[in-house]
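Colleague: The primary structure of each chain is shown beneath.
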Amino acid sequence: SQQGEEDPQALSIQEGENATMNCSYKTSINNLQWYRQNSGRGLVHLILIRSNEREKHSGRLRVTLDTSKKSSSLLITASRAADTASYFCATDGYQAGTALIFGKGTTLSVSS
Amino acid sequence: GAVVSQHPSWVICKSGTSVKIECRSLDFQATTMFWYRQFPKQSLMLMATSNEGSKATYEQGVEKDKFLINHASLTLSTLTVTSAHPEDSSFYICSARDRGKAAGYEQYFGPGTRLTVT
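Chains as they are written, first to last, in the working numbering: chain A, 2 to 113; chain B, 2 to 119.
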């Protein structure tokens, strides 16, 4: 099962530009997480934002969460070619022992 | 940090054979482990939830007789793909929750196993 959609599905930008990806979900959550995945590789955890938080920063990453709209956004500032990857949001429910449910992902391509 | 390993990292097998994939939590105990499947250019789809010492819970549409899951200890879960067919070719990823932490902490993911069935 999947929670919802990521928008856009694909994004192409130039180095130095900012990249914004959006994620919508359907059910109540305890937290929302963003992951990166390079082609054919495993997941890299980027950032976790709890349901009572509205914004969080980590380096060049900025995540927002709007629980009333059931949506989140990931902003990558000053993008680099190395940021080229797929980005997924994943929601974590309240019950202990439940799995993360992933969105469909956004494929980001950063050209130099 | 918490580490989850998977073995093998990639495997090629012939149609009709069975393949076992191991998932281990290296420095923590995992009461619950999860198995995901990812087809090319798609997202991760949860296949099953594995609890130590009990039967796995499978997501709708996942054949439990085809994908056998065993969670015999707090640090090891195995996924066996029985009578594999080319359509089972995929990237299989396991993850685990730290038994010592409450809900709300991130799951720890293994690096994945690439299965190719010829």
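Treat the hints loosely; a few may be bogus.
[What the hints assert, rightly or not] Derived DSS-like pairs (lysine-lysine); straight-line CA-CA distance at most 25 Å:
| hint | chain 1 | residue 1 | chain 2 | residue 2 |
| --- | --- | --- | --- | --- |
| 1 | B | Lys67 | B | Lys42 |
| 2 | B | Lys56 | B | Lys67 |
| 3 | B | Lys56 | A | Lys27 |
| 4 | A | Lys105 | A | Lys71 |
| 5 | A | Lys57 | A | Lys70 |
| 6 | B | Lys56 | A | Lys105 |
[Claimed, not checked] Under 10 Å between C-beta atoms, here's a sample of chain B residues computed to sit facing chain A:
| hint | residue |
| --- | --- |
| 7 | His8 |
| 8 | Pro9 |
| 9 | Ser44 |
| 10 | Asp89 |
Derived from the structure by calculation, the hints contain no laboratory data. Every residue, glycine too, gets a C-beta built ideally from N, C-alpha and C.
Colleague: A separate judgement is required for each hint: does it hold in the structure or not?
Modeller: Taking the hints in turn, this is what the structure says about them:
For the proposed pair lysine 67/B and lysine 42/B, the alpha carbon gap of about 24 Å is at most 25 Å, so the pair holds. A C-alpha spacing of about 14 Å is found between lysine 56/B and lysine 67/B, which places the hinted pair at or below 25 Å, so the restraint holds. The straight-line distance between the Cα atoms of lysine 56/B and lysine 27/A is roughly 28 Å, outside the 25 Å bound, and the hint therefore fails. Restraint check for lysine 105/A and lysine 71/A: satisfied, since their Cα atoms lie roughly 15 Å apart, inside the 25 Å limit.
With a CA separation close to 17 Å, the supplied pair lysine 57/A and lysine 70/A stays within the 25 Å bound. In summary, the hint linking lysine 56/B to lysine 105/A is not supported, as the alpha carbons are separated by about 29 Å, beyond the 25 Å threshold. Taken as an interface hint, histidine 8/B does not check out: its beta carbon lies about 13 Å from the nearest beta carbon of chain A, beyond 10 Å. The beta carbon of proline 9/B is not positioned within 10 Å of any beta carbon in chain A (closest approach about 14 Å), and the interface hint is therefore violated.
Nearest Cβ of chain A to the Cβ of serine 44/B: about 5 Å, under the 10 Å cut. The hint holds. A hinted interface residue such as aspartate 89/B counts as satisfied when its beta carbon comes closer than 10 Å to some beta carbon of chain A; here the least separation is about 18 Å, so the hint is violated.
Hint check: violations occur at hints 3, 6, 7, 8 and 10; the rest are consistent with the structure.
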